[in-house]
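First to last, the sequence lines map onto chains A and B.
When the letters of the first sequence are read in order and numbered with the numbering used here, they come out as residues 2 to 276.
When the letters of the second sequence are read in order and numbered with the numbering used here, they come out as residues 260 to 469.
None of these hints come from the bench; they were simulated from the model.
C-beta atoms are modelled at their ideal positions from N, C-alpha and C, and glycine is treated no differently.
Just so you know, not all the hints are guaranteed correct.
To be verified - If we take Cβ atoms under 8 Å as the criterion, some of the chain B residues that face chain A in the derived model are: (1) 303; (2) 308; (3) 393; (4) 467; (5) 468.
Said to hold, decoys possible - Label-pair distances were calculated between CB atoms; the ranges are: (6) 359/B x 195/A: 52 to 60 Å; (7) 155/A x 468/B: 57 to 65 Å; (8) 366/B x 16/A: 44 to 52 Å; (9) 102/A x 442/B: 51 to 59 Å; (10) 329/B x 195/A: 34 to 42 Å; (11) 110/A x 298/B: 49 to 57 Å; (12) 435/B x 85/A: 37 to 45 Å; (13) 366/B x 238/A: 41 to 49 Å; (14) 382/B x 115/A: 37 to 45 Å.
What the hints assert, rightly or not - Taking lysine-lysine pairs in the DSBU-like style, the calculated list, with each CA pair at most 35 Å apart, reads: (15) 7/A x 284/B; (16) 10/A x 271/A; (17) 290/B x 271/A.
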Amino acid sequence: MKFLAKLEKLDRRIIYIIITIAVVLPFFFRMGLPISVSPEVKSVYDFIDGLTPSDCVFISGDYDPQVDAELSPMFDAIVRHCFEKNVKVIVANVFNLQGIGLVEPRLKKLAEEYHKVYGVDYAFLGWKQGFSLLVMGMGENFKKTWETDYYGTRLEDLPITQPIRNYDQIALVVDLTGSGVFGAWITYAYVQYRQKIAAGITAVMAADAYPQLQAGQLIGLLGGLRGAAEYEQLIHHPSLGSVGMEAQSWAHIAIILFIILGNIGYYAAKKNKEK
Amino acid sequence: MHINTDIWVLIAVFFTLSVYTFLWKDNPLYKFAESVTVGIGMGFALVQWWNLSVVDRFWVPLTTRGAAGYVLIIPAIMGLMMVTRIIPRFAWMSRYALAFTIGAGSGMVLPRAIQANVLQQLYATMLPINVSWTGIMVNLFIVVGVLAGLIYFFFSKEHKGVFGGIANIGIWFLMVGFGATFGYTVMARLSLFIGRVLFILRDFLGMQLF
């Protein structure tokens with residue numbers, strides 16, 4: 002009983018070490034745990050899969066380095082899917098200028114891999130002052146709102162942006178964010194212009210996005226590393242998300258065991274006090 | 260395994276490990292890494308903001324568009340008025356700029372936010388409760404959850420009897436919501452840790468992971 006009571010006061014550093022082992026070991030010994038696909042991820046996949054080469058997807062990388070591990074795998078998976086389908090991709094960082102340094106090199110690398118031409122198959126707009134005004138401006142006059150791409154080329158001169166007048170020419174907006182700015186996309190782009198929006202968000206924010214998903218304001222949702230892993234399964238291109246999920250699962254098992262042990266320790270300590 | 264000797268990868272490994280030393284206890288390595296991270300983040304944002312906002316959106320149009328660009332002087336003056344808060348004698352000027360920002364911002368946000376966050380959410384709660392699987396198991400669950408949650412937050416009547424019972428059901432729904440949020444939070448923190456482990460194994464130690 003005394004041993005069990007000690008579990009309640011287990012040194013936090015022992016917990017850290019065990020969690021670290023649970024995270025690192027699966028990279029060396031793969032169990033091949035299955036990753037099932039949730040309906041909210043499948044609906045994003047299905048929507049993009051149904052697009053034609055004349056369609057355009059706008060991806061806003063509204064995140065910073067702190068959440069890069071969760072959101073960049075989503076960015077890679079969605080851009081890959083668009084490139085495979087020959088769907089045009091416009092990338093920007095509407096709400097977070099720190100995202101420039103994260104998404105631009107990834108976009109270039111993916112474009113090289115799929116032999117895509119800048120200005121024809123994809124474009125990068127970067128960040129511009131305005132936030133919500135930018136979202137609303139895109140609904141009125143896309144080219145006037147952005148004026149130039151990140152490199153200073155006028156949007157009038159880029160074949161990909163030439164035909165885009167407003168949201169009518171954008172099939173889907175995908176917002177990748179570690180904060181609640183997907184709500185601003187809903188408020189300004191969905192409510193006013195009925196723009197179809199999908200969100201890729203960190204797991205911390207995922208629970209907050211389900212009411213919007215249930216209300217039909219989002220066509221789909223990718224939540225955390227799991228969302229990225231599910232999308233990778235759908236495009237048959239396992240990458241950072243899928244590799245990370247096995248470690249995630251083992252770490253979760255370790256945490257569940259610690260919660261059980263902690264509770265046993267709590268009740269054992271309580272019994273000891275009663276004696 | 261091939262250890263990457265690229266200086267930037269080594270620096271990143273150093274800072275990753277420095278940050279995680281905090282798990283043992285607070286120490287100068289962690290403090291150094293924390294300060295550098297905050298400093299670089301701010302520096303990067305400031306330079307990008309200056310180039311993309313002040314130069315590209317203000318200075319270039321002002322100096323190249325002639326009379327059409329002069330309209331930008333008005334928001335620029337209002338922006339400078341905001342900064343007067345740091346000089347107590349002229350701090351009153353910032354109120355005008357703030358009043359404009361708050362007024363315009365509220366005007367733009369309120370109707371759309373009510374539509375997005377109240378009305379459309381209400382419509383989504385008005386669901387058909389029929390004898391189908393979805394009607395009973397999903398829709399009824401959502402309707403009961405919303406009503407019980409709202410009753411829990413109704414404090415003008417004492418939570419006793421039937422009313423108290425429904426409020427208790429509301430607590431259960433809220434607890435499930437908090438539990439889901441906490442579970443997602445644990446998942447998110449682990450994902451970030453996994454991201455750093457992946458970086459060390461793949462980018463630094465050169466392991467082939469996929």
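The hints, checked one at a time:
no.	hint	verdict
1	303	6 Å, holds
2	308	6 Å, holds
3	393	12 Å, violated
4	467	11 Å, violated
5	468	5 Å, holds
6	359/B x 195/A: 52 to 60 Å	30 Å, violated
7	155/A x 468/B: 57 to 65 Å	42 Å, violated
8	366/B x 16/A: 44 to 52 Å	51 Å, holds
9	102/A x 442/B: 51 to 59 Å	31 Å, violated
10	329/B x 195/A: 34 to 42 Å	37 Å, holds
11	110/A x 298/B: 49 to 57 Å	28 Å, violated
12	435/B x 85/A: 37 to 45 Å	39 Å, holds
13	366/B x 238/A: 41 to 49 Å	46 Å, holds
14	382/B x 115/A: 37 to 45 Å	41 Å, holds
15	7/A x 284/B	22 Å, holds
16	10/A x 271/A	13 Å, holds
17	290/B x 271/A	39 Å, violated
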